[in-house]
Each structure stands twice: as structure tokens, then as C-alpha cells.
Amino acid sequence: MDFLKKRILTAVAVFFVAVNLDFILPRLAPGTAAEIFASGTKLPQHTVQLLNARFGLDQPVFVQYYLFMKNIFATWPPYFGVSYNFYPSTVTYLIGVRLPWTLLLIGTSFVLSFYLSYLLAALSALKRGSKFEFAALYTSIVFWAVPGFWIGLILIWVFAVYLGWLPVFGNVGFDAGSGLNFVLSVIYHAILPVVTLTLVVFGQLYFLLRGAAQEALKSDYVLAAKARGLRNQVIAFAYIMRNSFLPVISLLGYSMASLISVVIAVEFVFGYTGLGDLVVDAVITRDYPLIEGSFFFLTLIVIVGGLIGDVLMLRLDPRLRR
Amino acid sequence: MRIRRISRSIKNASLAAKVGSGIVLAIFVLVLVGPFFIPYGPYDTSSVIDSPPTLAHPFGTDYLGHDIMSQIAWGGDSSLLVGIASALGAALLGLLVGVVSGYYDRLQPLLDGGADIILTFPSLPLLILFGSMFPVTDLLITGILVFVLWPPISRSIRAQVMSVKSRPYIESAKVSGMTNREILTRLVIPEVGPIAIAYFVLTVAAAVVIVTVLQFLGVGNPDIVSWGSILYWSQQFAFYRGDWWWILAPGLIITLLALGFALIGFSVEEIMNPRLRT
Amino acid sequence: MCADLLKVTDLTIEYAPKNRPSKTAIEKLSFAVPSSGYTLGVVGESGSGKTTLGLGIMDLIEPPGRTVTGSVEFMGRNILSMSPAELRRYRWQEVSMVFQSAMNSLNPVKTVSNHIAEVITEHSDATKSEAKEKSIRLLSDVGINRQRVNDYAHEFSGGMRQRVVIAMALALSPKLLIADEPTSALDVVVQEQILGLIKEKVSEYGLSLLFITHEISILDGLVDNVAVMFAGEIVEMSTIDNVVFEPLHPYTEMLIDSLLTVGSNSGKLSKAMIPTEGLRSPIAAVGCKYSNRCKYAFDRCKNERPLLKEAEFGRWVACHKYNK
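Quick note, the sequences are listed as chains G, Y and A, same order. Anchor point for the first sequence: position 94 equals 95 in our numbering, and the numbering is continuous, going up by one each time. Anchor point for the second sequence: position 166 equals 723 in our numbering, and the numbering is continuous, going up by one each time. Anchor point for the third sequence: position 321 equals 345 in our numbering, and the numbering is continuous, going up by one each time.
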């Protein structure tokens, strides 16, 4: 239990710092928000003042900070203001609409790539020194190196443009309606982005998993297991893999952070309207409230992901429990 | 003595490392020497538009007749420069922090916590944010990348240092009167040095890819030819014009470069692995 | 004439790591365990090849080690040429092994009873609950409380873990138990308990025992026979009394000598301190391996390797002193 407490404490601390950064960074930009909002056109002073007041930018920094924190933590749903770009929608509304799509993407890809990596690592442990192991390893290195967005582009080319089997962009068809049709359309549109993401995560995961499996392979308890005449499959799964993904799960939090970056690029490529795509939009158009809000939620996803990893560790590793 | 050890390990280097080095070298040649030999400039338009790869244009041309090979050859230096420079900075900083936080327990929570925070903060949005707020120069991107990339390196170095620290010969060095600084420079750093080099190489791969993503997203000036900007334009036009080579060629080059570095980095890490503990 | 329980013939195992010269761990080793109940202690210092012997008998030699020549026959069948399925049956059902460090031979994520139940279900048609029941019985048989049966390896002390490992080794009622330094990592008091436990179970189950150790003193009362190993070969083999009180081979002499100087002089055996490696002359490459250190060495020793021969009835020595 101390393990979990310590992890939660760290997570809260990190989150706190991140939220503060969230406040500070956009305000470091040259030019006030109002000027950006007007995209460079010279506005009369009067209008600028009105805009500043509207967005609460004429208050002293401390007041802004207080309001910022209060709105996020003391109100529900957390209030980040109104988006400049999508005026008059509130930031929270926009994020609320987009977040589930991103979670769908991340969740599915993570689960798939985990299974893929796990299976391949187990098989590689069984067929040590074989061509299979070699192929699996180098394939994963390739996917580690390839830019995720490019995989997406290639997949679009092959499956959407050339073969025409899958849609080019979007998360759901325009005319999908509701019910089963809707669900099917969602799946249909999600295939390519999920495949792309899965391949990228596989590239990161497999090498770690394999490293851990190599260590386990050399361990005494595996030798003892062989001495007991256990079948190779049993040894591969219950002895090698079971012990290998412990160190990998503990790294879940950190891999989430780099994953978010890839998700953003992938959503952009596929025109998939999720949180990542929103962030890119927000940043490029200097939509500060939206930037603040989406950064907040992205960081939240990463931290929650890390905590999930820690909880999983606790459940899976008996050495941490008692 | 250490030189002999290094040259021996170069000879024993795995096939993967050699292949990786070959690829990296080839691309370096393309980027450094190519511009002198390729007859077209990267901004030269021509009437040969939408041309698939031919002898005249080995990587094809785009919708305005730009020779894509030329674009890749000329546009590579920013990616390479920023990639290597930021990886170098990140590796040095990561090494420093990793060694210090691994060796001096008092500083550990502070340094580690700092690394934690940076690791958790979404890096790409941060980069895009800075890229859109301030004028985008190679220096700016390098600076931010160093900031973003050093934590994972410091983490692994720290783990290594902690395991080295507990070894008996360090104890005996302390007892025999070596100062901490001497222990660090003469005993610890040579032990973790190779691993730091492996991480440096892998970070170059990662940095080059990140730079490309930024360029691809339109941060900075997409009118300046760079690997990412080629893809920026190709994403918009290539699909409906059927110019598959326009997407393939630049991406392939980036992939090959990253792959080359990855092969080198991973095979070095493999050799070092027995001493690694997560 | 029925076959020996275990017959090792001309077994040669070497280790050949990449980029390094190969080392022969066991060379042309031959001996036999004739029948059930036959207990043999194998004594040797580290590097003598005794652990390799134990692993070799179970065909557990992994790269970079490999079995070069020889055969290991269990009840007439050479296990080195068995199919994987037969080998899996042979392992644990016929011959089981207790390793040195019990912590390391247990899977950190499995409960103690799970380990034993797994062995049972993998080797028989028993149901999961039957296997669990049996594992609980086996564990309590070695002194592990029913309540602790679902605990994990790291929750037990070293001695308790070794008991678990022993219970596991007995689960399928094998015919031969190999114990490779099972008590070296334990403190003296626990060591006594474990040795007592092994002795008890060996007679209870009617097993043959192959006990590998570097401390000849602990074999007292545990085994009937002793084989002394040096540099990958058996140099002397006979009953324990013969070997201890009338050692034939010069190496055995030295071993027993060093025993008695450290301990009391009333004939009671006590712990031996084996001299460290670096201070001694190297193992001879030609002729008798011990010739560089042997005080009786003569010409023949330096040129011809002595074979293990029966010098007297039931006493085997590999030494030219007895080769006339």
C-alpha cells in the first residue's frame, strides 16, 4: 500500500506542476491574446479593451491565476473559458465531445498492441534463435523508427485511395445515422488509425518486453521449470512472460506521454476529430483557453494512465503486495 | 587501454550495427554531397509535373515539377543538424543529471521529480505551442528538444549508476581515499559511458522524427524545403493527384535514417544489456 | 541381470562461449547407481564439474554448454537421445532435482502450492483440486503449515523455501533424487534440519540419492558411498568410510587432511576449508591432471592419464600408484 500511496503522491505533485505550467506558458507568448485573436489586423483600442475584459485578461496576473485555479478545481465541470476559435462553445464542451474518440483510439490500440507484443515475445522465447525471433525483433525496430504519421499516410494511400476499401478521413460517416449503422461506421473509420497506432506502440513495447523475456530466460527458476519436465508453452507463458511484463507495466506511465504525441499526429493525418486534432488546431490558431484546457486533459490522461499502470503492477506482482 | 577496447568492439559489432551505419552514412552523403551533384535546385519548378520515378528524376516530381530528390538532399540538413545537436545536448545533460542523482542520494528526489514532470508533460503540444508563439529557428527547436529529451536518458543512467555504486570496488575506492569526483570521473563514468552513447544514438533517431513531425504539422515555415514540409504539401495534394512517390520517398528516407540509428543504438544497448537493470 | 538404475558412460561436457576458449567441464566420466536405495555423495570443489554432472544427468545442459560424447542411461534407456516428450516424462517422474538456492528456483509469481500442483497436473491426469490436495499434503509432510500454502516464495525464509523445493521434488515419487548443494546457502542450524529432512524422506520413499557438495563432512550419515571429483573426473569412489578413513587418491588424502586439521582431532568430522584457487599450481594438461600438485607424482603420471579402475574390491581409484 505504501507503494501506491507514494505513486499517487508523485502523480499529484506532477499534475500540480503541469497545471501551473499550463497557466504560465500561454502567457509567455508575445502579444496579448486579443491581438492574436484579431489575427494581426489592427484593432481600435476600444475593441482591444473590450476583448481583454471579455476574456478576463485585464486583471492582474494573480487574480487571473486565482480565477484559473478556481475554475478548474472548484467548479464542475472544470471551466476553461470560451474557445476563441469555436466561439461561443466552451472549452470544456469541445473537449467533452472529442475526448471519447481519442480514448477509443488509445484504448483499442494499447490493448491490441499489448496482445501483439505479448504473443510475439512469448513465441520468440519458445523458438529461441529461430528466424521467427529474428524477424519479430527487427520488425519491431522498424516500427520503432518509422514516423507514425507516415505509416498513416501510407495506409491511407494503399487502403483508402488505391484500393478504396476504407475511408480516407474522419471518425464517422456523415450519413451514418444512429444505432448499428453508427457503430459500424465508427469501426469502419477507426480501423486505419487504430492499426497505425497499434504498430507504433508495438515498436516501443516489443523491445522492452523482449529484453525482460531474455532476462527471465536466463533465470534459475526457468531452468528449474525445465527440470520439472513442464511443457514449453507452460514455461513460456506462466514463467517467462508472466514475469516479463512486470517491468514493462511499470513503464506504462512514461510510454503514455510519448504515445500522446503520436496520437496527435495520427489524428491529424486521418482528420480524426479527437482531442489530439483539437490540440493542434488550438495551438496553431493560438486559441489560449482551448490550449490550456486540452493541455490539462492530455496531462491528466498521461497521469491516469501511469496510475493505472501502477495499480496493475500492484495486482500482478505479489512481491509488492504484502 | 580504453581505445583498444573500443576498436575491438567496433570490429565485433553485430551485422545490424554495420548495416545501420551503412544506411546512416549513405543518407549523410546524400544530404551533404548531393546538393553539389543534383542538377536541380529544390525550389526549381519545371514542366515535368507529377512524374513518377524515372532516370531523370529518381524520386519523381511533385505537382509543380520540383525534383523530389533534390528537395530531400537540400532539405535534410536542418533535420540532421537539429536532430544530432539536440540529441547531443540531451545525452550530455541526461548523463550529468543521471550520474549526479544516482550517486548523490540527497539530490535524488529533486532531480528525479524534475525528470518525472518533464516526462509526463505532453511534449509534442509543447513543441507546437512554442513553435507557434516564437519565431521558429533551429536553435529554438534544438533547445526545446534538449529540454524534452533528457529525462528518459537520465533515468536509465541513474539506474545504471545506482547499480554500479553498490559494487565492491567502489566501496574500496572510497575507503582508499579517492574523492567522490575522482570516483565519478575515473570509475563510474567509464562504466556508464557506453550506455549513454547508445541512448545518444537512439535519441538522434527520435529527435529527427520529432523535427519532421513538427515540420509536417506546419510549424515553422512550410514554404522552406525540409523533409517534413515536403510531406506537409504531399499530404494535401498527392492523394488526389495520384503521386504516391511524393509520399513514399521523403518518408522512406526519414525512416531509413531513423532505422539506421536505431539499429546502431539497439545493438550497442544489446551488448550492454547484461549490466542493465530496470 | 537387470540394468543399473543410472549408468553414466564416458560422459564429456564442455562449455564453449563465443570468442573465448572452450572449457571441458566433465571428461569421460563413468559411474553407476546400481539400484534403488543406493546413496552416493559427489564431492569436489567449485570447478570440478559436479554441478555440471547433476545437470547433465537431467539433460539440462544449455548453450554455450554442450554434451560432446557419452551416454546417460536410466534403467537401460539413454536419456540423451530421448524425444522431447519422453524427456519430459523422465524429468521429475523418474529423476528429480533440488537446486542450491531455493529462492531462485521458484517462480516469484506463483504460490507455493501452485508450484507443486502444477507439477502434478502436468505429469498426470489428476484434476486441479486433487493436485491441490496432494500438494497441501506434501507440504505439511515437510513441515509447512496448511495456512501458508497460498503464500509466495518471497514470504518464506531460506530454510522453508528449501523444504518447499524438497516437497516438490518428491511430488511424483521419483526413483532418484539429485541434490546439488541444497544447504550451502543456509545457516548451520537450518542446514542440519534440512539434511535431516532429506535423510528422512530418502528412506521413507526408498529413493536413490545423488548428493552433490563441496563439504565432505555433511555427507556423514547421509550417504553410503562417496565419489570424489577433480577437474571434471572422478578420481576415487567407494563407501564413505573407506574414502574418509583410508583415502587412496592423493587428492582425497589432501581433502581429508585439511578436514582434520581445521576440526577437532577426536575423529569427528567437521567443516573443511578448501584452499583458494589462485594459490595452487595449475591443472596439468597432459597426463594425470593432479600431477602438478601431487607429492607422489612420478614420470608415468606426467605422461599418461590414469583411468578409474577397481584397485580393490568395491574401491575405485584413478591413480597410477595403484596401477601396477
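Careful, some of the hints might be misleading.
Stated by the list, open to error - Mimicking EDC-like on lysine to aspartate or glutamate, the simulated pairs with C-alpha atoms at most 16 angstroms apart in a straight line are: (1) 227(G) x 83(A); (2) 227(G) x 277(A); (3) 227(G) x 244(A); (4) 227(G) x 118(A); (5) 575(Y) x 780(Y); (6) 7(G) x 669(Y); (7) 319(A) x 277(A); (8) 31(A) x 146(A); (9) 128(G) x 86(A); (10) 158(A) x 179(A); (11) 227(G) x 146(A); (12) 219(G) x 86(A).
Claimed, not checked - With beta-carbon atoms standing in for the labels, derived distance ranges: (13) 183(G) x 88(A): 41 to 51 angstroms; (14) 233(G) x 346(A): 40 to 50 angstroms; (15) 3(G) x 575(Y): 47 to 57 angstroms; (16) 610(Y) x 169(G): 51 to 61 angstroms; (17) 315(G) x 575(Y): 51 to 61 angstroms; (18) 44(A) x 735(Y): 23 to 33 angstroms; (19) 734(Y) x 164(A): 48 to 58 angstroms; (20) 179(A) x 29(G): 32 to 42 angstroms; (21) 315(G) x 44(A): 38 to 48 angstroms; (22) 212(A) x 665(Y): 35 to 45 angstroms; (23) 212(A) x 726(Y): 24 to 34 angstroms; (24) 665(Y) x 88(A): 52 to 62 angstroms; (25) 575(Y) x 105(A): 36 to 46 angstroms; (26) 124(G) x 610(Y): 31 to 41 angstroms.
FYI, nobody ran anything at the bench for these hints, they're computed from the structure. Remember, predicted model here, so these are calculated numbers, not experimental data. Glycine included, each C-beta is placed from N, C-alpha and C at the ideal position.
Out of the numbered hints, which ones does the structure contradict? 2, 3, 5, 8, 10, 13, 16, 17, 20, 24
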